[in-house]
Each structure stands twice: as structure tokens, then as C-alpha cells.
Amino acid sequence: MSYSTNEMMTVAAARRLRNGAVCFVGIGLPSKAANLARLTSSPDVVLIYESGPIGAKPSVLPLSIGDGELAETADTVVPTGEIFRYWLQGGRIDVGFLGAAQVDRFGNINTTVVGDYHNPKVRLPGAGGAPEIAGSAKQVLIILKQSSRAFVDKLDFITSVGHGEGGDSRKRLGLPGEGPVGIITDLCIMEPEAGTNEFVVTSIHPGVTREQIVAATGWPIRFADNVAQTTEPSEVELTALRDLEARTAAAHGQAPGEA
1 MSYSTNEMMT VAAARRLRNG AVCFVGIGLP SKAANLARLT SSPDVVLIYE
51 SGPIGAKPSV LPLSIGDGEL AETADTVVPT GEIFRYWLQG GRIDVGFLGA
101 AQVDRFGNIN TTVVGDYHNP KVRLPGAGGA PEIAGSAKQV LIILKQSSRA
151 FVDKLDFITS VGHGEGGDSR KRLGLPGEGP VGIITDLCIM EPEAGTNEFV
201 VTSIHPGVTR EQIVAATGWP IRFADNVAQT TEPSEVELTA LRDLEARTAA
251 AHGQAPGEA
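Numbered according to the working numbering, the sequence shown terminates at residue 259, and the numbering increases by one at each position without gaps.
Please keep in mind that the hints were generated in silico from the structure rather than gathered at the bench.
Hints may be right or wrong, so weigh each one.
Claimed, not checked - Below are the DMTMM-like pairs computed for lysine to aspartate or glutamate, each with C-alpha atoms no more than 25 Å apart in a straight line:
no., residue 1, residue 2
1, Lys145, Glu165
2, Lys171, Glu132
3, Lys145, Asp116
4, Lys171, Glu191
5, Lys171, Glu193
6, Lys138, Asp75
7, Lys145, Asp75
8, Lys57, Glu132
9, Lys154, Glu178
10, Lys57, Glu69
11, Lys138, Glu165
12, Lys154, Asp168
13, Lys121, Asp94
14, Lys145, Glu198
15, Lys171, Asp94
16, Lys121, Glu72
17, Lys145, Asp186
18, Lys57, Asp243
19, Lys138, Glu211
20, Lys171, Asp186
21, Lys145, Asp225
22, Lys138, Glu198
23, Lys145, Glu132
24, Lys145, Glu235
25, Lys138, Asp168
26, Lys57, Asp75
27, Lys138, Asp116
28, Lys145, Asp94
29, Lys57, Asp116
30, Lys171, Glu198
If you're wondering where the values come from, they're calculated on a predicted model, not measured in any experiment.
Make a model of the complete structure from these sequences and hints.
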């Protein structure tokens, strides 16, 4: 089956979520990838959203954390304060799945502003629970489309800390967990280099060249010594993803592909 670069990105991200993991999910691309994982390779993953649903199993992708589909399909629903204090800060979240508007070479995220904070070119949606998720989850996965506008040498604003300034910066900041362990894009997969914690390319999606990745990155991106080729999406993965998007589009009155 043929597939798009966006489908490759979503499938590659879904594969990173191990079965049985407790995952704190962001809305948008993270939610799509996490729910695809639940429908394919990781049926026993526990999805948590910051509004309080634990074990959510939505049949369509939620519009927001307040979408009733999340509460209706969850194993239980608890107060937001409990989600953050008991589950997240209590060390019970295995993976935080986040999106971003901008990311830097150390996995720090900006979802606040583009440009000067006091006079921004663009005001973004804001932090939500991302800073706490990035700070306290045992591991963090980041998913976003790759471009030189999104993958920047210096963030306009650090909303959520990844590996800080690199090296042992995260440890010196007193943040628990490993921090970001993967950035999944429509071109490749990046992972932090041992020691420096700078993200380097470890897998390239089929049909993508190194030159494309370099052109779509705002810092001098480096490649691991042994770069793999990402496995193409299977028919099972693509069918599950497309069915999920079709159900979502129908439920939300969207045109196909907008889900």
C-alpha cells in the first residue's frame, strides 16, 4: 500500500510506545500516534489525558482534553490535580507523548510564542500540562513535522525543558526521568547522543535523503554512525490509521484528511 509522509510519521511514533506503558498523551499528533499504538502494536497501553481520564479508549480522536469521548471510554476519571500530583509527579507515568511548535537540538520545546515574548510574531497555544509532563515523566517522546522553522538553533521561548543545555544539564536542574528519548518527524527519527544528549538522526524514512533532513533542520544536524532505514508501514497499521481518521472526520464533520 502507498502511504504519505504524515502516515509514516504517525506509524513510526506509534511503534515507539511499548505495550503496557502508562502514557500521558497530548492532543493532536501525539494523540493520533498513541491511539494508533493502542489499536495495533500496544493494545494494553494505558492512555491518560490531563483532564482526568485514565485508560481512555476513544473510538475517534478527541478534539480537546475536555472531549466527552475520553471520559466515556476511560477505565476511570479522576480530578486533574490527582493526574498531576499522584500520577505524574508521583513517578507513575512511563511516557509523556508531546507535540511542539519549535524544538531545539537538545529536545527543549516551545509552544508559547514565536519572536519576542512581549511583542511576538505569533502567539502559540501555550504550555498546558507540557512543562510538567516533560519534567516528570520517565521518558518523553516528541512528534512534529520537520522544517527549519520548527527545528531551530535557538528557541524563542523554552516552554518545556528537554535536556536543557545538553550533557548533564537535566540532572543539574533536578528533573527526574530520562527526558526526551525520541523525536519522530515526517522525515526521520532522532535520538539523544550518549554523553552530549544532542539529538542525532538514527533512522531515515524510506525515500528521504540526508540532504532533505539537513535542509529541514535549523542547526547543523548530525547523523549517527549507523543510520537505519525506518520500516515501511504495514497494511494493518495503515488500515487502522485510516479507519481512525475516517471515523474522526465523520464524527466531527470534517473533510477526509483533516482528522
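Do the hints match the structure? See the list:
1. Lys145 to Glu165: This hinted pair holds, its Cα atoms lying about 23 Å apart.
2. Lys171 to Glu132: Measuring from Cα to Cα gives roughly 16 Å; hence the hint holds.
3. Lys145 to Asp116: holds (23 Å)
4. Lys171 to Glu191: Holds - the C-alpha atoms of Glu191 and Lys171 are around 18 Å apart, at most 25 Å.
5. Lys171 to Glu193: Answer holds: Lys171 to Glu193 is near 16 Å, not above 25 Å.
6. Lys138 to Asp75: The given pair, whose Cα atoms are some 22 Å apart, holds under the 25 Å limit.
7. Lys145 to Asp75: violated (32 Å)
8. Lys57 to Glu132: holds (23 Å)
9. Lys154 to Glu178: holds (22 Å)
10. Lys57 to Glu69: holds (8 Å)
11. Lys138 to Glu165: Roughly 19 Å separates the two Cα atoms, so the pair holds.
12. Lys154 to Asp168: Distance of about 19 Å is within 25 Å: holds.
13. Lys121 to Asp94: violated (36 Å)
14. Lys145 to Glu198: holds (19 Å)
15. Lys171 to Asp94: Distance ~18 Å between Lys171 and Asp94 Cα, so the pair holds.
16. Lys121 to Glu72: violated (39 Å)
17. Lys145 to Asp186: Answer holds: Lys145 to Asp186 is near 5 Å, not above 25 Å.
18. Lys57 to Asp243: Holds, at about 15 Å.
19. Lys138 to Glu211: Violated: Lys138 and Glu211 sit about 33 Å apart, past 25 Å.
20. Lys171 to Asp186: violated (30 Å)
21. Lys145 to Asp225: holds (24 Å)
22. Lys138 to Glu198: Status holds; Cα separation ~18 Å.
23. Lys145 to Glu132: Roughly 23 Å separates the two Cα atoms, so the pair holds.
24. Lys145 to Glu235: holds (23 Å)
25. Lys138 to Asp168: holds (16 Å)
26. Lys57 to Asp75: OK: Lys57 and Asp75 at ~9 Å, within 25 Å.
27. Lys138 to Asp116: Outside the cut-off at roughly 32 Å; violated.
28. Lys145 to Asp94: holds (24 Å)
29. Lys57 to Asp116: violated (40 Å)
30. Lys171 to Glu198: holds (15 Å)
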